[in-house]
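Engineer: These protein sequence lines are chains P and S, in that order. The working numbering numbers the first residue of the first sequence as 1 and each following residue consecutively. The working numbering numbers the first residue of the second sequence as 1 and each following residue consecutively.
Treat the hints as calculated values from the structure; they're not laboratory data. Think of the CB as a built atom: it goes at the ideal place given N, C-alpha and C, for glycine as much as any other residue. Check the hints yourself; a few may be wrong.
[Unchecked claim] List of simulated lysine-lysine pairs, DSBU-like, C-alpha gap at most 30 Å:
# : chain 1 : residue 1 : chain 2 : residue 2
1 : P       : 147       : S       : 527
2 : P       : 66        : S       : 475
3 : P       : 34        : S       : 527
4 : S       : 153       : S       : 31
5 : S       : 153       : S       : 205
6 : S       : 267       : S       : 383
[Unchecked claim] One side of the interface only, derived from the structure: several residues of chain S facing chain P at Cβ under 8 Å:
#  : residue
7  : 350
8  : 385
9  : 606
10 : 609
11 : 630
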Amino acid sequence: MFMKIKLIFILILISFTSFAADGLDENIDPKLYKEIAGQLRCPSCQGMSVLESDANFSVQIKDEVKRQLLQKKEKNEILRFFSERYGIWILRQPPMHGYHLIIWLLPVAFLLLGGGAIIWFFGRSKGGKRDPYESSHMTKEIVNHMKKELNKRRGQRSELRE
Amino acid sequence: MVANFGFFLLFLALNLSIYGFFASFLSVRLKHYKLFLSAKHALHAVSLLTVGASMILVALFVLRDYSAFYVYKHSSNDLPLFYTITAFWASLEGSHLLWTLLLTLCGSLSVKVYAAENKQLIPFVLGIYHLVMVWMLYMAITHSDPFIVNLPKPENGTGMNELLQNPLMAVHPPLLFMGYAALVVPFAYGLATLFYGDIPVGFLKSIRRWTLFAWILLTASIALGGVWAYVELGWGGYWAWDPVENSSFLPWLVVTALIHTLILQEKFDDFKKLSIILCLIGFFLTFFGTFLTRSGIISSVHSFADSTIGPNYLIFLSLVAVLSLILYGLRAYIIPSGTNKNFSGISKEFFMVMGLFILFAFFVIVFIGTVFPLLSEVMMSEKISIQAPYFNTFAPYVGFLLALGIAVSVLLPYGEPRLTNIGIRVAIAAAVISLLLTGVIYFQIAHSSVEPLEIIGYSLSLFVLASLVGGLFLKLKNIGFRIGGLFHYRLAYVGSFVAHCGFVVMVIGLLGNYRKVETDLVLEVGKPVVFADYQFQMVKNVTPSHVDNHILYSLPIEVKKGGELVSRMTPSQSLYFTNREQTFNEVAVSSNLWHDIYLVLKSWDEPSRSRATVSIYINPGVMLVWIAVILMILGGAISLFDVHKNRVRWKV
C-alpha cells in the first residue's frame, strides 16, 4: 500500500506544477475556504481532508480551491468542479441525490421508527396512570405504615451501628 | 529452524481444539462427565500450547533470528529491545497470534473459575470456545502464519514500521485484543443459553463482570489509539472517523448498550433476549472490525480479492452470523420472559431503554458510514467516500439525546411508573442551574462568535452534571446520608456516577473542537511571532541528534504569554535509517486543562537551519477528553469491584 502511495506521489509531482501557497489571499473568506477544503478528501491519506493534510496532492487541490475562490466562484460550483474532475470519490460525503440518499434516510428512519416502537411499547400497558401496587400483595396502607415505621427508625439511627 | 517448533505447537493446538469441540457437545448428548472434563483440559492444553508458540515468537525476535520471515520483515538489528518485543504485534500474523492467545486465556480462565449456578451452561460454553479456537488456529497455521521460514538467513531485517515505534502503539494492540478477547465470554454464554434453553441465575453475574472488563479495556485502548494519532500523525486531531477507528468504536457502542441492558435484566428479570442478542453482536463486531481493517477491503475492494485472509474472514463472519441468527431464531422463544411486567409509562426504564436505543442507533449510523462505500463500489461500481463530515452531522445530536436520557434517568428510581415529586423538583432545579451557568458562560465568551450547537451542548452537559449530583443527593437521602454505606453496598452506583461524570466531561471536551484554531508560521532565530495571544520564539537552529535507530531533528521553541514563559517546546522530525525516503513527525504538545498548544515542525532551510516552518494548533478541550476517558475507566473499574453484584457460589 505504501508503495502505491509513493507511486501516486511521484506521478502527481510529474504531472502538476505547484505554485506557492503560503497563507491566504486577503480577498478570500477564510471561513468559506475552510468549509470547502474541509469537504474535499486528501486522496493519499485515510480519513483526512485536504485542509488537514500537506501531502502534495492535497496542496494542489488547496491551491486550486484558492484560485477558484479568487475568481469569485460559489461553493457548489467549486465542489462540482472537483467531483467532475476526480469523481465524487473526492467529496468527503456523497451528494444528496440518487441512491446516496439511503445513508441519510436510513438513520433518520431508524431513529423515528425505533423511538416510536419504544414509546408504543411503554405506553401499551396502562401507562403512567396505573396502580403501582397492582401486581404485588402490597396495599397503599401497608406501604405507608412501613414508611412511617422506617422513618421512626431513621430518627434513632445515631444509636444504631452498621 | 526454531520457527518450525512454533508452527508445530499451533498445529497440535488446532487438533486438540477440534477434539475439544466434538468432545464438549458429545458430553452433553451422552451425559458423560469425564468426556466434558477431557474437553475442558483440552482447552487448558490449547492455552499452554498457544502460550508456548507465542514465547517462541518472542524468543525469535529477541534473538534476532531472521530465518523467521515475520521477524525479518518487522525488526532490524538497530531496533531497541522494547520495540523488538512489541514488534510481535506489528503486523497481521503476530497480532492474530496475540489475539488467539488472549482468546484462549480468557476462555480457559472462564471455564476454570465459574459460578456454580452456571454449571449446566459450561459444556456448551466450552464447545463454543473450542469452535472459535479451531478457526483462529486454522488461520494461524495457514493464511496468517507467523512462523514462515526465510532461508538462507538474512543478516539484517527490513525494520519495524516507524509509526509503530511509540510506547502508545506498544500498549494499544494488546489492550484492544484483550478487550476483543474478553467479549468471547458473553458471546459463548449467550449462545449457550440458547442451546440450554434457560438463563441460570449466575449468568448475569458472570456476563456482567466479563462485559465490564471488556468495556474498560476497549475504552482504554480506543483512547490510547486516539492519543497515538494525536501525538504521532501530526494533523492536530485525535479522532478522524476513519474505518480503523470506527471498527473499534462499533463494538464499544454495543458493549456499552449491553452493560445497561444487563442492569435492566437484573432489576426486572426481563430484557433477556435483548442482552443475548447484544452479546452476539458485540463479539461478531470484533471480527467484523478486524476483517474491515486487515483484509485491505477498505482501501480497495479489489485488493481484498487478492488477499487470502479477506475471503476466509468473510466465510467465518457469515458462518458466525448465520449460525447465531438461526440458533436465535429457533431457540430464543424458549428463554422465559420476566414475570415482573412492572415497567411502563414515563419511568426510569423508559429513559434507559431510550438511551440504549440511541446508542444502538449511533452504532447503526457509524456502521452505515463505514460499510456503505464498500456496498456502493460492489453494487453500483461507484467509488464514494464517507468521512468525518457525515459522522459529524449526526454525532452532536446523538450526544445531546444521550445526555437528555442520562440526565432524566439518573434522577428516577426503578419501577416507578411516573416521575416522582422529588425527582421532578430536582430536575427543574438542575435545569435552572444549568441554564444560569450557560448564560454566564455565554456572556463570558460572547465576544467571539459561538456556534448554537456548542451552547446547547454546554447547557445539556451541565444539566446532566446537575442531575447526577441531584441523583446522588436522593440516593444519600435514602440511606440517611451515611456516605460509608454508599461505598459498602452501592459500589456499582458509585462507579456509574463516576463514569457518567466522565461522559459529561467528554461532551464538554469534544465541544472544544468548535473553537479550534490553527496556522502555519515561519519562525526565525531572534524574530518572535505572535498567534492567538501566544508568542513563539525560535531559541536556536534546528539541531540533529543521533538517537538509537534514527536521527532526530529538533527545533527548540519558547512559548510566552504576556511576557511570561509558558512552556519550552521542541517539535521534531525523525529520520529512520531503515527508511530514508520519509521523515516522521514528533509533535510537541503543551497542555493545560482548557487547551493544548500543539506544534508540528514542517520544514526548515537546509544549509542554515535557522528558518523553519511550524504548524501551530490551539486545541481546546483535549485534556478534558483524556480526563473523561480516565473517569470512565475509573467508573468501570469501581463497578467491577462491587462484591454484592458479583456474589456467586464459586466453582473451581
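Engineer: Hint by hint, work out which the structure violates, then give me just those numbers in ascending order.
Structural biologist: Violated: hints 1, 2, 4, 5, 6, 9, 10 and 11.
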